[in-house]
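Engineer: Each chain, written out:
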Amino acid sequence: MIPFLRRRLLTIPIVLLGLSLVTFTVSHLVPGDPVKLAAGPQARPDQIVQLTREFGLDRPLPEQYLMYMGRLLQGDWGQSISTHRQVGSDLLIYFTATFELTIVSTLLGLLIGVPLAIVSARWRDRWPDHLSRFVSIGAISLPVFWIAIVLQIVFGQNLHVLPVSGRFDPRANFPITHTGLLLVDTLLDGDMHAFGTALRYLILPAFCQSLIVIALVTRLLRADLLDILRKDFVMVARANGIPEYIIWTRYLMKNALIATVSMLGFVISFQLGGAVLIEYVMDWPGIGQYALSAALTLDFQPIMGATLFIGIAVIVVNLLTDLTYSFLDPRIRRA
Amino acid sequence: MASITSSRGPIARWRAEHASYIYDLRRGVRRFTRNRLSVVGLGMVLTLIVIAITAPLWIPYPDDVYGSVHMDARLNPPTPTHLFGTDDAGRDVFSRTIMATQISLEVGIIILVVAISIGVTLGAIAGYFGGWTDEVIMRLTDIMLTFPGIFLALAITAALGRGITNAMLALSITWWPGYCRLVEAQVLKMREEDFVLGARAIGAGNARIIVRHLLPNLLTAIIVKASMDFGFAVLGLASLGFIGVGVQPPQPDWGAMISTGRHFIPASWWYSTFPGLFMFFTVLGFNLLGDGLRDLLDPNAIVRQ
Amino acid sequence: MSTGAAAYNHREPLVEIRDLHMEMVTFDGVAKVLNGINLTLFPGDRLGLVGETGCGKSVTAMSIPNLVSQPPARYTRGEVRFRGENVLRKGHSELRELRAKHIGVVFQDPMTGLNPVFTIKQQMSDAILSREDALSAMVPFRGWLPSGRQRRRKAEATALALLRRVGVPEPERRIHAYPHEFSGGMRQRVLIAMAIAGRPDLLIADEPTTALDVSVQAQILRLITELVREINLTVLLITHNISVVAQLCNRVAVMYAGNVVESGTMRQIVQSPKHPYTRGLLQAIPTEETLRGGLSGVPGAVPNLLAPPSGCRFNPRCPYAQEKCRTVLPPTYELEPEHGVACVLYEGARQVAQEGTGKQAVNPSES
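The listed protein sequences correspond, in order, to chains G, L and B. Sequence positions in the first sequence follow our numbering and run 1 to 335. Sequence positions in the second sequence follow our numbering and run 1 to 305. Sequence positions in the third sequence follow our numbering and run 1 to 367.
FYI, nobody ran anything at the bench for these hints, they're computed from the structure. Be careful, since some hints might not be right.
[Claimed, not checked] In silico DSS-like pairs for lysine-lysine, Cα to Cα no more than 30 Å straight-line:
(1) B:K154 <-> G:K254
(2) B:K154 <-> G:K231
(3) G:K254 <-> G:K231
[Said to hold, decoys possible] Label-pair distances were calculated between CB atoms; the ranges are:
(4) L:L46 <-> G:R124: 52 to 62 Å
(5) L:R139 <-> G:Q86: 41 to 51 Å
(6) G:L328 <-> L:K189: 42 to 52 Å
(7) L:A12 <-> G:L328: 55 to 65 Å
(8) G:L131 <-> L:P77: 32 to 42 Å
(9) G:V154 <-> L:P216: 48 to 58 Å
(10) B:T210 <-> G:L328: 27 to 37 Å
(11) L:R139 <-> G:V154: 38 to 48 Å
Quantities reported herein were computed from a predicted structural model and do not represent experimental measurements. Using N, Cα and C, we set each Cβ at its ideal position, and we do this for glycine too.
All chains, full assembly: derive it from the sequences and hints.
Structural biologist: And the structure:
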């Protein structure tokens, strides 16, 4: 396990470096001047020149890149041209929102997807299987931004049932920021009303996000379960008199758990992609929205920051997944 | 295989020579039709293709597609004359939705063709030559795969400007790493197999080996992946359209329509709902078909009785 | 422990398969896998079931504990009696008990027979607990109660004893290991230990040594022979390798394409094989004489079970085939006590048609 880890850790800086290079190049290829955009139509030419110099945008590109990376390694993520806020602190705030959304949607997706997959494997090729396959393919075919809008239409009439945008009720008590995760913070504050509010605002966005999780889990877990069922050791267990229900609960579950975990990394990073659209539509203040507005205003530092941050997040998630997987599978652990 | 006498006609000869392929094909068709969902998918796809091709002939308001404006008829709810209602410029949503199908399917094909061309080429080169070439190409692939899909497409369209060509390019760039990785892994494995060594022994050059010997074995895997990806490519295009960087007005695009329709919900709910619904059915059809093809062709997924 | 002795007379057959017909539904059609199998096993027998790949020996044996999955398989005629009762009609819990307490199975591939994510200790304990019907001790919550834990501890002690018996060195240490830390031969020993954990009446060994090295093969066979003596096992050994049969069995049944074509004692089959197929098989064994004169086999190939030949299924390959071989499946003729052949060449002899393989004697066979 250790040499495998080592190799992974070595490739990470290379990937991140490459990521930063690609993002930098791409974002600077964009025609258009962020300073002009930020300064507005009324700005005087000399103001624009001054701003440009302030942000270092008049220097040659390679120099800008090195300056940026240099500051990055010291912990300075830069500043947004349009909002003048620090990118670093913004990223943290926005990311925790996306993080909370992703965690809840993953849990929701697992909650629905795992039983569906089990049912599907157990009654293979009969109607529960067909139903769950239809659900799985349907969920993955749904345009995420469209279903979000449709839900907004449906629930938009009565906002008390389920709110259709935003993360929290502006009139309610916002909890003290312990972790940045509203569900956790409201509980820590003991404010059950606020907890309920935070939960209600989470439901629709999390549901939209969870669709992809449901789709993936149902299909992949079903395939894994079927694969395990064909294995010889299942036949051996049956031959030794172990009843079916025990085979299903103990054996299959543990074997399938390993498969599910290995899938989680992929599933979570997939969700980060869909997060952009859902956050945009439902006004969820997450990193997707942050990146999107940065991209549309050609704001370099936030674009770089957001991209690198997400890249790091994806890499970390994959690494954690692989670690957990190698821990769970004794063949790798004790190799 | 019986020997072919010259008294047989050419068709019979061809059939006899390819008997095993024909047999496999028949078996495949039988297996495919057993899966009801796949058959439904096939039906949906065929219908969609027919619709896309024949659309200009029968849509009720062909002028509305690109631009005539009827401000007196704006935002009318669905009626028998306007099945999906009218939009904010009085245009028939139904006609525009159908035409958007044509554009989306065309673009989808182009995206996949470009992505597969790039990805397969790079992957084959990486896997076959190994060493530094492999490392470099695969690191590049890894970097591109670290981006969750839409980010990359977004970034590129932002860089290159709005428009359908740039959107196509962006999406192709987003998609090729998947094929590269797939092909590289397979080629790496196949490189050491006997048939490759044999080909080299009789003097076949590298390019010939790759094209004539390795690639045909990958065909199945590529087809499977492509059939699954097509739906997502279409979704990706619509997503870009939704944000505003894809297909540009006045060309109809599902994503763009849904996006504009947002401003008019919940009163004119049909504006956003119907194009999305139609898009959903399109993608669903392709995904059902792709799923069925995958069950049929993917050797890993074939389940013994 | 073989319980239920009162209900079962030890001088009656342990296993009786009568006229068993079985089909398998596949994509390409219906394969007629078993075409009227008649087989009898008495307590103490070590029967070798021999035949080429695809002749149906595995499914025949697996029918006894009813382990053949029933779609796609379908039994269309006949019965399989174990200790007098038809196994094919039994319910889930009866079958479970049967498999736990009376029948042990050893499969071919030791590499995949053990669950890779559980320790040997866990898997063996499970097998032992299922023998004792201590099912609650296996389940997560109820198994954690003191009674469950105590039973598991006892099961572990039994497991250790079993491992020692089958020849696994340092069992106290190795019991905590995972399957991938064992070699093929060791894994097979573990699997054998699990199979005999409940002192079953019958041990079915489906090509137990095919996946192993020759040297390990001999060890495993010797182990099985010892166990037969120790716990009074009846053995049904499936193999395509006649030399393996020679080492372990006292009786042989030869199968071809879904039928038992000949059966008898070891001596009878080896010294005077009567069926043309049996003769061909024995001739194909490399010995000093055959190596000098050149190997011969049985010409032709195994028939396609989707469209098998009519009549005697061996007729396309049989050098003595006659017209009637193509129309009617020959009944089994008894040439001498215990030696039965299903071939028209022996028409004159006594017919023992659907009644097993000529076993009339009440006493168990000689070893």
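Engineer: Does each hint fit the structure? Answer for all of them.
Structural biologist: We went through each hint and held it up to the structure:
no.: 1; hint: B:K154 <-> G:K254; in the structure: holds (24 Å)
no.: 2; hint: B:K154 <-> G:K231; in the structure: holds (29 Å)
no.: 3; hint: G:K254 <-> G:K231; in the structure: holds (14 Å)
no.: 4; hint: L:L46 <-> G:R124: 52 to 62 Å; in the structure: violated (28 Å)
no.: 5; hint: L:R139 <-> G:Q86: 41 to 51 Å; in the structure: violated (31 Å)
no.: 6; hint: G:L328 <-> L:K189: 42 to 52 Å; in the structure: violated (27 Å)
no.: 7; hint: L:A12 <-> G:L328: 55 to 65 Å; in the structure: holds (59 Å)
no.: 8; hint: G:L131 <-> L:P77: 32 to 42 Å; in the structure: holds (33 Å)
no.: 9; hint: G:V154 <-> L:P216: 48 to 58 Å; in the structure: holds (50 Å)
no.: 10; hint: B:T210 <-> G:L328: 27 to 37 Å; in the structure: holds (32 Å)
no.: 11; hint: L:R139 <-> G:V154: 38 to 48 Å; in the structure: holds (46 Å)
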